[in-house]
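Enquirer: Those protein sequences? They're chains P and G, same order as listed.
Residues 2 to 259 (our numbering) are what the first sequence spells out, left to right.
Residues 2 to 244 (our numbering) are what the second sequence spells out, left to right.
You may find that some hints are simply not true.
Claimed, not checked - Capping the alpha-carbon separation at 25 Å, the derived lysine to any residue pairs in SDA-like fashion look like this:
(1) P:217 / P:61
(2) G:134 / P:184
(3) G:134 / G:158
(4) P:199 / P:112
(5) P:128 / P:179
(6) G:134 / P:244
(7) G:134 / P:115
(8) G:106 / P:174
(9) G:134 / P:112
(10) G:3 / G:185
(11) G:134 / P:155
(12) P:217 / P:130
(13) G:3 / G:131
(14) P:217 / P:202
(15) G:106 / P:180
(16) P:217 / P:72
(17) P:199 / P:126
(18) G:134 / P:157
(19) G:134 / P:205
(20) G:134 / P:251
(21) G:106 / P:198
(22) P:199 / P:244
(23) G:106 / P:169
(24) G:106 / P:179
(25) G:106 / P:61
(26) G:106 / P:171
(27) G:134 / P:159
(28) P:128 / P:115
(29) G:106 / G:65
(30) G:3 / G:16
Don't read these hints as lab results, they were simulated from the structure.
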Amino acid sequence: MTRRQVIANAVVAVILVAAFAVFCTLVLNSLGRPVDWSKAWAYRESLWRGWTVTLGISLAALLGSIVFGLAFLLGQRSRLPVVRWTCRGFLEFVRDTPLLVHLLFGYFVIFAPLLSRPLAGIGWDDKVLIGIVLLSMFAGAYLGEILRGGVDSIPATQWDAARAVGFSPFQVYRYVIFPQALRRVLPAIAGLFVSLIKDSSLLNVIGVSEYFYNTKNFISRSYAGLEGYLPLTLGYLILTLPVAWLAHWLERRFRDET
Amino acid sequence: MKLDLRDVTKVFGTTRALDELSLQIPEARVLVLIGPSGGGKSTLLRVLGGLEVPDQGSVTLNEHRLNADPESLQAYRRRNGFVFQQFNLFPHLNARRNITLPLEKVHGHSPEAARALADQSLTRFGLLDHATKLPSQLSGGQQQRVGIARAIAFSPEVLFLDEPTSALDPEMTAEVLELIQELAEAGQDIILSTHEMGFARAVADQVAFVASGQIAESNPPQALFNAPVSPVCQRFLSRVMRY
Ligand SMILES: Nc1ncnc2c1ncn2[C@@H]1O[C@H](COP(=O)(O)OP(=O)(O)O)[C@@H](O)[C@H]1O
Ligand SMILES: [Mg+2]
Numbered sequence: 002m003t004r005r006q007v008i009a010n011a012v013v014a015v016i017l018v019a020a021f022a023v024f025c026t027l028v029l030n031s032l033g034r035p036v037d038w039s040k041a042w043a044y045r046e047s048l049w050r051g052w053t054v055t056l057g058i059s060l061a062a063l064l065g066s067i068v069f070g071l072a073f074l075l076g077q078r079s080r081l082p083v084v085r086w087t088c089r090g091f092l093e094f095v096r097d098t099p100l101l102v103h104l105l106f107g108y109f110v111i112f113a114p115l116l117s118r119p120l121a122g123i124g125w126d127d128k129v130l131i132g133i134v135l136l137s138m139f140a141g142a143y144l145g146e147i148l149r150g151g152v153d154s155i156p157a158t159q160w161d162a163a164r165a166v167g168f169s170p171f172q173v174y175r176y177v178i179f180p181q182a183l184r185r186v187l188p189a190i191a192g193l194f195v196s197l198i199k200d201s202s203l204l205n206v207i208g209v210s211e212y213f214y215n216t217k218n219f220i221s222r223s224y225a226g227l228e229g230y231l232p233l234t235l236g237y238l239i240l241t242l243p244v245a246w247l248a249h250w251l252e253r254r255f256r257d258e259t
Numbered sequence: 002m003k004l005d006l007r008d009v010t011k012v013f014g015t016t017r018a019l020d021e022l023s024l025q026i027p028e029a030r031v032l033v034l035i036g037p038s039g040g041g042k043s044t045l046l047r048v049l050g051g052l053e054v055p056d057q058g059s060v061t062l063n064e065h066r067l068n069a070d071p072e073s074l075q076a077y078r079r080r081n082g083f084v085f086q087q088f089n090l091f092p093h094l095n096a097r098r099n100i101t102l103p104l105e106k107v108h109g110h111s112p113e114a115a116r117a118l119a120d121q122s123l124t125r126f127g128l129l130d131h132a133t134k135l136p137s138q139l140s141g142g143q144q145q146r147v148g149i150a151r152a153i154a155f156s157p158e159v160l161f162l163d164e165p166t167s168a169l170d171p172e173m174t175a176e177v178l179e180l181i182q183e184l185a186e187a188g189q190d191i192i193l194s195t196h197e198m199g200f201a202r203a204v205a206d207q208v209a210f211v212a213s214g215q216i217a218e219s220n221p222p223q224a225l226f227n228a229p230v231s232p233v234c235q236r237f238l239s240r241v242m243r244y
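Excised from the complex, chain P in its bound form:
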């Protein structure tokens, strides 16, 4: 940076900090009543439990979406046209309808009537399980599309070279195509996983007591405001930022490599 840019940068920084401070003061003054953190403290157990459920759902749906994503990828590359077209049709449907609709429709109309009793019979929480499956399927549809794009972007010459050294079809994917394709689609996958963590909050509509659901309960019962929303925001940031950072780090590492 030139000297003038350094000065300009400092001036703009001061202005931004001041503007933010004014904004916060205005908001806090208009709250009308003092911020009372003891309310949040009283609900700490429920909030903590909700956060761990969100963490668990996110991890499970992340794994689940990888399984679905790989299945959709292979389905789209199948030699049988009927498998390819079924796959494409299903993906198009999933990606062009809201997740909220999948959750309500999928839970109340399709899965709950089929599975609630047997699952309750073995002592499982049907809402959590079905919610995870529906979320995995939604993210898996996007992942399948991202992976297909990545695999398609690898030139035919790499397939030739991999086959020429004698790799089996599985080894061609495992050692040659996937490592290269993943490098190219990593930013997109990280974005998808961040979305997945955030979207897990929608599971509240089928009554899963995850972080958003429990915070909402706490806010409506104790008339909390800032005391509820601030921890809510931070709770999600704690989950999403590491994913975003990991992605940036990997991206930089792969970029340096090539």
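Please build the complex by placing chain G with the ligands on the supplied structure of chain P, with the hints as guidance.
Expert: Showing chain G with the ligands alone in chain P's frame:
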């Protein structure tokens, strides 16, 4: 090596890349394919290398009669080496790993044994100092030498090379051609296509002229270069030899 091709046909859309091509060679160490661009050399090499299945005809290389079964084709590819015009190294792996990975995963060598074999061929080709570089950090000539090292590391029955120097400048071309000649002199069975006529004459013990998806002529180099019989081959040679 012994080669027997009968009525081999390969069609891409409306192009007959190979058009009932037949060729019998009872015994040769180095077979060189020459001919005009688009004549079918690459397609023929890909068929011989088990990368492409012909629509018709039979292909027998030594004792192996090629068929369309994916498993037996894979087994066939495992025995032979293939080198491409554009090198086709794995760009995410360094030079040494490009060689050791197939040795470990395809040929079942231990990591130590694979490394020893790889370093042996890297040393032989003067590439040991570049072992940990990625393909993008190597010159074209170095990349192609790694490509050859990868293809011969497991002592292939036959080594196929498709215009191995066409993407290289003259100096790099020379270094790669020297290396191929060394391999030939060491007894490696080779089938290659090239536009380097001087090299073809020096290294081949059989030259086949491929045009319009067929073998127009197949002879030892002295005969083919000094006294071509087919009109297409005469025309081709008089044109490429003019400069
Ligand atoms: N994968 C392919 N798809 C369509 N056409 C092809 C393909 N491979 C080769 N061809 C066509 O087949 C003919 C022979 O090509 P090729 O074997 O590459 O010849 P050469 O190597 O002698 O230049 C050309 O007309 C080429 O365009
Ligand atoms: Mg060619």
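Enquirer: What hints, given by number in increasing order, does this structure fail?
Expert: Violated: hints 3, 5, 6, 7, 9, 13, 16, 19, 21, 25, 30.
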